[in-house]
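Student: Following our numbering, the numbering of the sequence shown begins with 3 at its first residue and continues without gaps.
Rather than coming from a laboratory, the hints here were simulated on the basis of the structure. Any given hint could be a false lead.
[Said to hold, decoys possible] Taking CB as the label site, the calculated pair distances span:
(1) Pro-451 - Asn-310: 36 to 46 angstroms
(2) Asp-39 - Pro-259: 46 to 56 angstroms
(3) Glu-306 - Ser-444: 36 to 46 angstroms
(4) Thr-61 - Asp-305: 48 to 58 angstroms
(5) Val-449 - Asn-73: 39 to 49 angstroms
(6) Pro-249 - Glu-502: 53 to 63 angstroms
(7) Asn-310 - Tyr-59: 45 to 55 angstroms
(8) Asn-73 - Asp-114: 17 to 27 angstroms
(9) Lys-487 - Cys-358: 24 to 34 angstroms
We treat Cβ as the ideally placed atom computed from N, Cα and C, and that holds for glycine.
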Amino acid sequence: MTSVLSELLNGIDIIEYSGDLNIQVSGVTDDSREIKDKNIFVCMPAVYESPYAKWTYRTDGHDYIPNAIDNGASAIIVQKPLNEINLKEGITFVRVNDTRFALARVSAKFYDYPSRKLFMVGVTGTNGKTSTCYLSKSILSFGGKKTAILGTIVQRIGGKDISAGMTTFEAHRLQKILSDIVNEGMDAVVMEASSHALELKRVDEVDFDVAVFTNLTQDHLDFHKDMNGYLQAKIKLFAGLGTYKNPVYAIVNADDPASDKIIHSTKAEVITYAVNNNADIKIKSYQSTPQGLSFVVSVYNKDEIEINLQLLGDYNLYNALSAIGVGVSQGLSLDIIKKGLEQVDSVPGRFDRVNCGQDFVVVVDYAHTPDALERVLTAARKLTKGRLITVFGCGGDRDKTKRPIMGETATSLSDYTIVTSDNPRTEDPMQIISNILDGIKSGEYEVIPDRRSAIKRAISIAKSGDFVVIAGKGHENYQIIGTNKIHFDDKEIASEFLREIKN
3 MTSVLSELLN GIDIIEYSGD LNIQVSGVTD DSREIKDKNI FVCMPAVYES PYAKWTYRTD
63 GHDYIPNAID NGASAIIVQK PLNEINLKEG ITFVRVNDTR FALARVSAKF YDYPSRKLFM
123 VGVTGTNGKT STCYLSKSIL SFGGKKTAIL GTIVQRIGGK DISAGMTTFE AHRLQKILSD
183 IVNEGMDAVV MEASSHALEL KRVDEVDFDV AVFTNLTQDH LDFHKDMNGY LQAKIKLFAG
243 LGTYKNPVYA IVNADDPASD KIIHSTKAEV ITYAVNNNAD IKIKSYQSTP QGLSFVVSVY
303 NKDEIEINLQ LLGDYNLYNA LSAIGVGVSQ GLSLDIIKKG LEQVDSVPGR FDRVNCGQDF
363 VVVVDYAHTP DALERVLTAA RKLTKGRLIT VFGCGGDRDK TKRPIMGETA TSLSDYTIVT
423 SDNPRTEDPM QIISNILDGI KSGEYEVIPD RRSAIKRAIS IAKSGDFVVI AGKGHENYQI
483 IGTNKIHFDD KEIASEFLRE IKN
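Model the full structure from these sequences, guided by the hints.
Tutor: Shown next, in the form of structure tokens:
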């Protein structure tokens, strides 16, 4: 596959350039190590800043121009003035205002705008994105669409899984994946759209048919300047609806305080859902059991249906309602929607049971924000006959303000809390734990910095009828210590210790 550089640059403001704009190019990337012959290398600056967010990266793409040229790059897109760059004869250099936007636009054009050939659902919010994607995919599949899922846990295309390193890929990788999905003969994609992806323009050239808003609670304030900045990133998904496609739909959680701003930001047809407030899709009644959730839902105050969801936790009512909204937007019958929802028996790392025949419950969950932890522990409490034992930590080099809040949340909702490490990265694990302890006002707890030992301790003290929640990692199978990523799987480790006590 090749394209003419000048055609790919159409619609991008060029400040200055050197060389031939009419050369043939064979690909695009922002990673000099991936460069192949006649590729475009797009240089990402070390510092990203907007009115709402700021982040400093460890490297600057401009420093890797020589590597890219050595690997075969024929065109370089930069943000720095050309007089600050060592130009090379035979290589085209193009300076633009924003290389992030350029990467998104050039990539989409290179792959011939694959999102326009697919039914696209984008899901954004602090919590619930992954579960909403799984439920929506199941509904759309029952509705006859060959549906791929792109998200935190895995990128699933047909029968193939691609491990996901981040919630949303960089723009060129995302466009390549969407192109592959088209070539696989699939016709729909349900994907998570993180606030980072929206702010950093990774999904700028993805044309969505449906956007889903789950909720907005504190997270990522190491990147977004404040909660308004965090909200503004989410709003981008809804403000962009209808740029190319029509009709388009916004599925919005009417119980969330941010819903009004989301609704007023979009030209799309809005479908609201709620557990407590009035909404287009509304819970009439529900019952939570150890087997899942049984609930009656009303659609537009006229049609009702009972659904028996296999997922545990009251918060999954919201995830189910948002997925129902996706189905309703496409005119699917409530019978198909019901079948799709009831088919999903689990979402990896989300209230995920670890069962080795023990007489107490152990779940692992991805809860890594104050709100998510509160939801998970509240759900666990309702299902607990005995004590609620919680193991959790907070990530290093990430939002520090949530650490004491999560400490207070864990100890106030649990009978016993074990504070441990969770991807300390380049921070001192004990400093992170100290920040967590600052929020603890009462409750029984202990500190075990080694996460493996913390899990072992929780399982060793659990008795019949108790409920152990291992929070923070969920589906993740690694621990990041310093800059090293080592294999670490909460579910594997819990299973190992459960088998030990059984034997």
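Student: Would you mind marking each hint as holding or not holding in the structure?
Tutor: Evaluated hints:
Hint check: Pro-451 to Asn-310, Cβ distance near 42 angstroms, so the stated range 36 to 46 angstroms holds. Roughly 53 angstroms separates the CB atoms of Asp-39 and Pro-259, a value that falls within the hinted 46 to 56 angstroms. Between Glu-306 and Ser-444 the beta carbon distance is about 44 angstroms. The supplied range of 36 to 46 angstroms therefore holds. The given range of 48 to 58 angstroms is respected by Thr-61 and Asp-305, whose C-beta atoms sit roughly 54 angstroms from each other.
Look at Val-449 against Asn-73: about 48 angstroms separates their beta carbons, and that is inside 39 to 49 angstroms. Separated by about 56 angstroms at the C-beta atoms, Pro-249 and Glu-502 satisfy the suggested range of 53 to 63 angstroms. Hint check: Asn-310 to Tyr-59, Cβ distance near 47 angstroms, so the stated range 45 to 55 angstroms holds. A hinted range of 17 to 27 angstroms for the beta carbons of Asn-73 and Asp-114 is consistent with their spacing of about 25 angstroms.
Distance hint check for Lys-487 and Cys-358: the Cβ-Cβ separation is about 27 angstroms, which falls inside the suggested range of 24 to 34 angstroms.
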